[in-house]
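Colleague: Now for the letters of each chain:
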Amino acid sequence: MSDALVLSDVRHSFGRTLALDNAQCRVRRGTVHALLGENGAGKSTLMRVAFGLLSADGGRLEVDGRPVHFRSSADAIAAGIGMVHQHFLLVPALTATENVALGGRGLLHRARAVARVKAFADRSGLSADPSMRVDQMTVGAQQRLEILRALAHDSRVLILDEPTAVLTPEEGMSLLRWVRGFVDGGGTAILITHKLREALAIADDVTVLRRGRTVLSRPRVEVDEAMLVEAVTGDAASESALALPAPARRPTEPVLALDKIDLIDGRGVTRLRDASLEVYAGEVVGVVGVEGSGQRELLRILAGRLRPTRGRVIAPRRVGFVPEDRLADALVPEMTLTENLVLAEAGSARGRLDWRAATERTAALLVSADVRADGPSALARELSGGNQQKFVVARERARSDAALVVEHPTRGLDIRASARVWDELLRAAREQQLAVVVYSPDLDEVRAIADRVVVCFAGNVRAMEGGTAGSDRASLGRALLGVN
Amino acid sequence: MDALMALWDGAFGSWYAVLSATMVRATPLLLVGLAVALAFRAGVLNIGAEGQLLVGASAATATSLVLTAWPRPLAILVMAAAGALAGAGWAGIAAWLRRRFAVLEVISTLMLNFVAAALVSWLVRGPLQEPTGVYSQSATIPESARWPLLISGHRLHLGFVVGVLAALGAWWILTRTAVGFRVRLVGASPRAATSAGGVNVARTVTGVFLVSGGLAGLAGASEIGGVTWSLYEGLSPGYGYSAIAVALLARLDPRGVIATALLLGALEAGAASMQRSANVPAVLGQVIVASLVLGVLGAQALRYRGLLRRGGVAKEAGA
Numbered sequence: 000m001s002d003a004l005v006l007s008d009v010r011h012s013f014g015r016t017l018a019l020d021n022a023q024c025r026v027r028r029g030t031v032h033a034l035l036g037e038n039g040a041g042k043s044t045l046m047r048v049a050f051g052l053l054s055a056d057g058g059r060l061e062v063d064g065r066p067v068h069f070r071s072s073a074d075a076i077a078a079g080i081g082m083v084h085q086h087f088l089l090v091p092a093l094t095a096t097e098n099v100a101l102g103g104r105g106l107l108h109r110a111r112a113v114a115r116v117k118a119f120a121d122r123s124g125l126s127a128d129p130s131m132r133v134d135q136m137t138v139g140a141q142q143r144l145e146i147l148r149a150l151a152h153d154s155r156v157l158i159l160d161e162p163t164a165v166l167t168p169e170e171g172m173s174l175l176r177w178v179r180g181f182v183d184g185g186g187t188a189i190l191i192t193h194k195l196r197e198a199l200a201i202a203d204d205v206t207v208l209r210r211g212r213t214v215l216s217r218p219r220v221e222v223d224e225a226m227l228v229e230a231v232t233g234d235a236a237s238e239s240a241l242a243l244p245a246p247a248r249r250p251t252e253p254v255l256a257l258d259k260i261d262l263i264d265g266r267g268v269t270r271l272r273d274a275s276l277e278v279y280a281g282e283v284v285g286v287v288g289v290e291g292s293g294q295r296e297l298l299r300i301l302a303g304r305l306r307p308t309r310g311r312v313i314a315p316r317r318v319g320f321v322p323e324d325r326l327a328d329a330l331v332p333e334m335t336l337t338e339n340l341v342l343a344e345a346g347s348a349r350g351r352l353d354w355r356a357a358t359e360r361t362a363a364l365l366v367s368a369d370v371r372a373d374g375p376s377a378l379a380r381e382l383s384g385g386n387q388q389k390f391v392v393a394r395e396r397a398r399s400d401a402a403l404v405v406e407h408p409t410r411g412l413d414i415r416a417s418a419r420v421w422d423e424l425l426r427a428a429r430e431q432q433l434a435v436v437v438y439s440p441d442l443d444e445v446r447a448i449a450d451r452v453v454v455c456f457a458g459n460v461r462a463m464e465g466g467t468a469g470s471d472r473a474s475l476g477r478a479l480l481g482v483n
Numbered sequence: 000m001d002a003l004m005a006l007w008d009g010a011f012g013s014w015y016a017v018l019s020a021t022m023v024r025a026t027p028l029l030l031v032g033l034a035v036a037l038a039f040r041a042g043v044l045n046i047g048a049e050g051q052l053l054v055g056a057s058a059a060t061a062t063s064l065v066l067t068a069w070p071r072p073l074a075i076l077v078m079a080a081a082g083a084l085a086g087a088g089w090a091g092i093a094a095w096l097r098r099r100f101a102v103l104e105v106i107s108t109l110m111l112n113f114v115a116a117a118l119v120s121w122l123v124r125g126p127l128q129e130p131t132g133v134y135s136q137s138a139t140i141p142e143s144a145r146w147p148l149l150i151s152g153h154r155l156h157l158g159f160v161v162g163v164l165a166a167l168g169a170w171w172i173l174t175r176t177a178v179g180f181r182v183r184l185v186g187a188s189p190r191a192a193t194s195a196g197g198v199n200v201a202r203t204v205t206g207v208f209l210v211s212g213g214l215a216g217l218a219g220a221s222e223i224g225g226v227t228w229s230l231y232e233g234l235s236p237g238y239g240y241s242a243i244a245v246a247l248l249a250r251l252d253p254r255g256v257i258a259t260a261l262l263l264g265a266l267e268a269g270a271a272s273m274q275r276s277a278n279v280p281a282v283l284g285q286v287i288v289a290s291l292v293l294g295v296l297g298a299q300a301l302r303y304r305g306l307l308r309r310g311g312v313a314k315e316a317g318a
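Protein sequences, first through last, are from chains A and B.
Sequential numbering of the first sequence, starting at 0, is according to numbering that gives the first Met the number 0.
Sequential numbering of the second sequence, starting at 0, is according to numbering that gives the first Met the number 0.
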């Protein structure tokens, strides 16, 4: 079998940082190739080189066995390479058809363009409404459109950058099924991901980058999860708080409780119906749900950020809350860590602020939560995503009396950083005896840290029987879709 | 060269230039610049300081004219308070529009500037016109409401001290108190302020808006009480707009506003004298100011891009 794309000895540096250090990647035609690595390992950089977005400092690139030199992404597209970026590059105010037609020449024949998009959609098996505006589409539909646009340029090699990160589990699964079909039909796909299981489930070949170097490159059948973890992180899986046992006996009184909650939002849509939930000190309750099933609202009611339309809420006075979008909702990127710590008390503080004491508290928190930063006066923006999240979790732990509500705690984090955040959450439950509620779209994450799982479906909240043991992937998946 | 000498002489060439031209010009710029800087710090784009100043000046004049018999300190205090309250009220219109109807304050405050200018035109031809009814200006305010001069023989008046104290006070409040921290938070990230801090963003924004308008109104009162002694149409040569330059050049730091207000005051005083003695148009002063603002903003943009590029390495290199 010939190679669709070969990258050899690729070097690239940003300023003084060496992002790619003789990286290698050989992609066989007609295969799904998974490109794995932690954040900052160089995965995206390597693929940006392959797509002509970055000009490498050194190295060779071959497409279909012929050496090529891309000066821009237009060259790469002409050579049959398409890329779907993690952050979509669609014009929100334009329709699907107009977005596909972007970059064309001459007059736009609308009816013909619509027909063409429809034909592509049918042929490729990606459903799309040609006349719908992008800003009215779901994230999944936007992604299908991105792929469609790449295919419209006759791409035979499709590079997908973290394609499932923004999708719900079932959307992700259907995307992966589509990728398999595309490859079976003669295409080639490169999947940039940091989800090992995803790679293991779909890939034919696996390449792992670490600090800009290729540390593993093998067919899927020759690798297992432990090998990949070791290759990605550079060491064997470490001991963690995950070993701390769940409380043997449940306390009598719940810390957080919702009793027959209804929530009707501003537009009159019922978000939650007759929802009840009890969370006890020292346990971690996992919440799962398809996007829009009411879990966002449920978490915000528990955190005291939203008032239900009907029903009773029991909650301590101060509940720690870790929101999903940490850079927008939990931190002020341009302020120092000390200021970001005081942020938590900003609403209720009066009179003068004692910055010296706050600086000391911040320094202590950085040590206790193992946050890597240049001291309390570092700007929040300067921290890595993992350290930002550890800081936020530690701050919210410190200010809550008895409960912590956490939304998608490891969004955008790599395995190592995720494990540390999980540690923090489990310590909050086991050592500090907080009642912890965690929502995550990642079922594996919920199963890894939760003592028991509840499912949101169409505004209802249902407990899974038998704790996490009874919550295997298959039954969770069925519950997510409302199937018993 | 002659022109530059004239510019320098007009601004700093003599005690008279400094104490009667530069610092007198700097006084309103200081108060209004502070008003703009505070608003911008909270993310409130108040470009209506000009209008707030004019309304403040009008209210201060009207109040002064009926305070003839009052003891001097009290009369000054009351006319200053009237100016500040009127300025705050004028800004309050825009604040209310923003809160109630989400009207962009950039537009509402700018429009209110024209309304305020028209209001002054009407006042000086109508209710506040001087008794003879010949000139389109108000009567001269009574002695009791005039602000004391700081140094006899020079035009520098109490308003400058008020401005410096206000700037230092604002700096202290912004950096050391909970209220000031909320203002900075709301400016930096309203979402994080609400979500993580439980800050009432709408209330903070309205509060800053009112204080900003109040400071601009106070500047109007200070001009009436300290310099012009009467209300007329050309009262402000666009102090409310120059104030934006003052605030931006100071990078929104209240302490910096003291320095940049003096700088712009010097440029305006110098440019006027340059026009008189070297016959070079005074607009040159404005050209210099504009170049300075562009320079500072450009430097900030470059630094920000540089930071982005540095911070971008990890992002770009990452997955």
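For the record, the hints were derived by calculation from the structure and aren't laboratory data.
Where a beta carbon is used, it is the ideal one built from N, C-alpha and C, also for glycine.
Do not take every clue at face value.
Cβ-Cβ distance ranges computed for the label pairs, FRET-style [as the list claims (entries may be wrong)]:
| hint | chain 1 | residue 1 | chain 2 | residue 2 | range |
| --- | --- | --- | --- | --- | --- |
| 1 | A | L93 | B | R190 | 25 to 31 Å |
| 2 | B | R190 | A | G14 | 27 to 33 Å |
| 3 | B | A300 | A | A362 | 44 to 50 Å |
| 4 | A | D56 | B | R190 | 37 to 43 Å |
| 5 | A | E430 | B | L103 | 35 to 41 Å |
Colleague: The structure should be examined with respect to each hint, and the outcome stated for every one.
Modeller: Status of each hint after checking the structure:
1. L93/A to R190/B: 25 to 31 Å: Given a distance of about 27 Å, which is inside 25 to 31 Å, the answer is holds.
2. R190/B to G14/A: 27 to 33 Å: This hint holds: roughly 31 Å between Cβ atoms.
3. A300/B to A362/A: 44 to 50 Å: 33 Å Cβ-Cβ, so the 44 to 50 Å window is violated.
4. D56/A to R190/B: 37 to 43 Å: Given range 37 to 43 Å: holds, Cβ gap about 39 Å.
5. E430/A to L103/B: 35 to 41 Å: violated, 49 Å
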